[in-house]
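Go ahead and model the full structure; you've got the sequences and the hints to work with.
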Amino acid sequence: MAAVNILETRGLSKSFGGVHANSDVDFELARGKVTALIGPNGAGKSTFVGMVSGRIEATRGQVLFEGADISHLPAHKRIQLGLAYTFQITSIFAGLSVEENVALAARRLLAGQPEALVKRVTSVLARVGLSDRAVQIAGDLSYGHQRILEIAMGLAQEPKIFILDEPTQGLAESEVDDFITLVRALAGETTILLIEHNMRVVMETADMIAVLDQGRMLAEGTPDDIRANADVQAAYLGTSTDA
Amino acid sequence: MTDNSKSNLMHIGVLVVLFALFFILPVYHAGNMSRIMVLAVYAMGFNLLFGYTGLLSLGHAMFFAAGMYGFGLTTNLGGLPVPLAFGFGVICAGVLALVVGFLALRTIGVAFMIVTLMFAQTAYLVVLYFGTYTRGDEGFVIQQAQRSIAGIDLTSETGRYFTALLIFGICFLLIARLVQTPFGKTLVAIRENEERTRMLGYDSHRHKLKILVISGLFSGVAGATYALLFGYVGATFATVQYSIFPLVWVLLGGAGTTIGPLIGVFFMFYLINISSGFTDAYMLVVGVVLVLLTLFAPHGLAGLLRKKVLTWLP
Ligand SMILES: Nc1ncnc2c1ncn2[C@@H]1O[C@H](COP(=O)(O)OP(=O)(O)OP(=O)(O)O)[C@@H](O)[C@H]1O
Ligand SMILES: [Mg+2]
Chain Z
1 MAAVNILETR GLSKSFGGVH ANSDVDFELA RGKVTALIGP NGAGKSTFVG
51 MVSGRIEATR GQVLFEGADI SHLPAHKRIQ LGLAYTFQIT SIFAGLSVEE
101 NVALAARRLL AGQPEALVKR VTSVLARVGL SDRAVQIAGD LSYGHQRILE
151 IAMGLAQEPK IFILDEPTQG LAESEVDDFI TLVRALAGET TILLIEHNMR
201 VVMETADMIA VLDQGRMLAE GTPDDIRANA DVQAAYLGTS TDA
Chain D
1 MTDNSKSNLM HIGVLVVLFA LFFILPVYHA GNMSRIMVLA VYAMGFNLLF
51 GYTGLLSLGH AMFFAAGMYG FGLTTNLGGL PVPLAFGFGV ICAGVLALVV
101 GFLALRTIGV AFMIVTLMFA QTAYLVVLYF GTYTRGDEGF VIQQAQRSIA
151 GIDLTSETGR YFTALLIFGI CFLLIARLVQ TPFGKTLVAI RENEERTRML
201 GYDSHRHKLK ILVISGLFSG VAGATYALLF GYVGATFATV QYSIFPLVWV
251 LLGGAGTTIG PLIGVFFMFY LINISSGFTD AYMLVVGVVL VLLTLFAPHG
301 LAGLLRKKVL TWLP
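Chains as they are written, first to last, in my numbering: chain Z, 1 to 243; chain D, 1 to 314.
What the hints contain is simulated information worked out from the structure, not anything from laboratory work.
All figures in this text were calculated on a predicted structure; none of them were measured in a lab.
There's no promise every hint is true.
Said to hold, decoys possible - No more than 27 Å apart at the CA atoms, straight line, and that leaves these computed lysine-lysine pairs for DSS-like:
hint, chain 1, residue 1, chain 2, residue 2
1, Z, K77, D, K6
2, Z, K160, Z, K33
3, D, K6, Z, K160
4, Z, K119, D, K185
5, Z, K160, D, K307
6, Z, K77, D, K185
As the list claims (entries may be wrong) - One side of the interface only, derived from the structure: several residues of chain D facing chain Z at Cβ under 8 Å:
hint, residue
7, R135
8, A189
9, E192
10, G201
The C-beta atom is built at its ideal place from N, Cα and C for all residues, glycine as well.
Here it is in structure tokens:
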């Protein structure tokens with residue numbers, strides 16, 4: 001009986017001074033699906049997910065999660081409801097070990113269960129392929145591995161909605177393949193909202209695509225719909241398929 | 001042996017050494033150690049906020065003084081029995097920390113430093129303003145008759161040393177435990193990257209308020225103990241200088257380590273003690289040593305140890 005959409009936004013808007021980063025964005029996120037949010041640089045994608053997660057305060061509009069209005073909840077409360085967020089600009093605990101980074105992500109839910117915590121950390125690290133770097137200091141990891149650690153921190157929370165802001169940026173081709181495999185495995189377990197410039201990743205993982213352009217929602221639909229959409233081709237696909 | 005049991009062993013070991021020192025050290029140095037242990041409690045309280053959570057308060061003297069005056073005034077003027085007066089002093093410090101935290105934690109970074117500094121300055125002025133009771137800069141002495149608990153004379157060197165050790169030991173072990181809890185680890189996360197911590201679903205503001213109160217409580221314990229053991233309460237302890245001391249101790253000893261504060265207080269105490277025996281310009285010596293340490297051991301003495309040999313140091 002769960003509603004089809006796990007998350008909706010209504011009239012969500014953000015202005016930075018005179019810049020309208022998001023204008024009246026109405027959006028629906030289908031439960032259990034992988035939805036890709038695409039759009040040219042500066043389209044407002046990060047701003048949008050920032051407002052959804054509570055990291056950025058909306059100028060106007062509503063965010064509904066499981067039917068409840070969460071527009072006025074601070075970020076940490078939204079995360080507690082089951083939203084996980086990974087940053088476009090890598091944000092990890094650079095001075096702490098890799099395993100402690102993941103443990104911090106998982107510990108909020110498993111604070112009283114040290115054994116379950118260790119198990120979760122071990123399995124998440126194994127899943128993303130960072131097991132042999134568990135005791136390394138996170139700041140010493142390569143850029144690509146830091147991106148992967150960021151994803152691991154999201155996974156460790158076993159979120160209901162997993163928001164990923166350009167997770168494959170800066171990853172090597174083989175790591176991108178691993179990422180695609182990971183997202184496919186997660187599909188069905190959780191709902192994923194994926195901001196992505198790499199069209200190969202989008203086409204190989206997304207069930208649904210939403211296109212943002214100059215702060216407005218240009219189109220939403222299945223990959224086939226989007227490919228066929230003339231507006232989208234004009235605004236985005238035609239110019240950036242090779243990006 | 002796991003890191004955890006090594007760490008437990010280290011903490012117990014430190015207490016055993018401190019216990020044994022009393023029987024080894026000449027009386028004069030045992031007296032110094034009593035003082036060092038009490039001040040180390042203050043430094044440990046400060047370290048929770050600064051070393052573990054990354055919040056630099058420049059007004060911690062107000063919490064030390066709150067404990068000191070809360071205890072001293074109620075036992076001297078109010079005639080409250082020592083344990084009650086002691087508890088009252090500690091609560092004063094905790095309540096003050098709650099109020100200060102409520103207001104000051106709206107700010108971050110330099111603004112937080114300035115706001116705490118101003119609160120402490122206000123507290124200092126309050127002490128002077130109520131000079132009728134506090135006797136201002138001159139301070140007051142706590143009567144010898146009031147300085148005993150359960151028949152133990154706290155003016156004797158023995159009574160003093162072991163009371164200091166008992167209180168230090170309790171605080172030391174409590175803090176060692178605290179920083180290993182999920183709460184303690186979240187504090188470190190806040191220090192490392194507050195926004196990330198928040199975006200993992202932790203209420204960072206609440207954590208900061210809690211640890212400020214806890215830090216204030218430990219500082220208050222130190223202040224009340226100081227008055228109890230050394231029998232003197234004065235406005236000097238509410239001055240800016242006493243807000244800067246814990247920062248220097250903790251930086252010297254090693255911020256964010258459980259043992260650092262004790263090392264820092266010990267080192268600084270004897271640095272001043274010894275250099276002032278040689279020269280009147282002992283503060284110059286202290287300054288030079290501080291600069292050298294910051295250059296060669298930026299994470300303090302315990303930080304240096306942790307890096308070189310004892311990687312498991314908590
Ligand atoms: N904090 C801010 N202050 C002022 N302007 C901002 C701020 N954040 C974003 N903007 C502006 O808002 C617009 C949308 O930015 P946003 O980062 O959301 O785009 P994006 O779609 O994520 O782009 P990219 O693909 O480059 O990551 C841009 O014009 C950007 O310059
Ligand atoms: Mg972006």
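Here is how each hint holds up against the structure:
no.	hint	in the structure
1	K77/Z - K6/D	violated (38 Å)
2	K160/Z - K33/Z	holds (11 Å)
3	K6/D - K160/Z	violated (40 Å)
4	K119/Z - K185/D	holds (18 Å)
5	K160/Z - K307/D	violated (40 Å)
6	K77/Z - K185/D	holds (20 Å)
7	R135	violated (47 Å)
8	A189	holds (5 Å)
9	E192	holds (4 Å)
10	G201	holds (3 Å)
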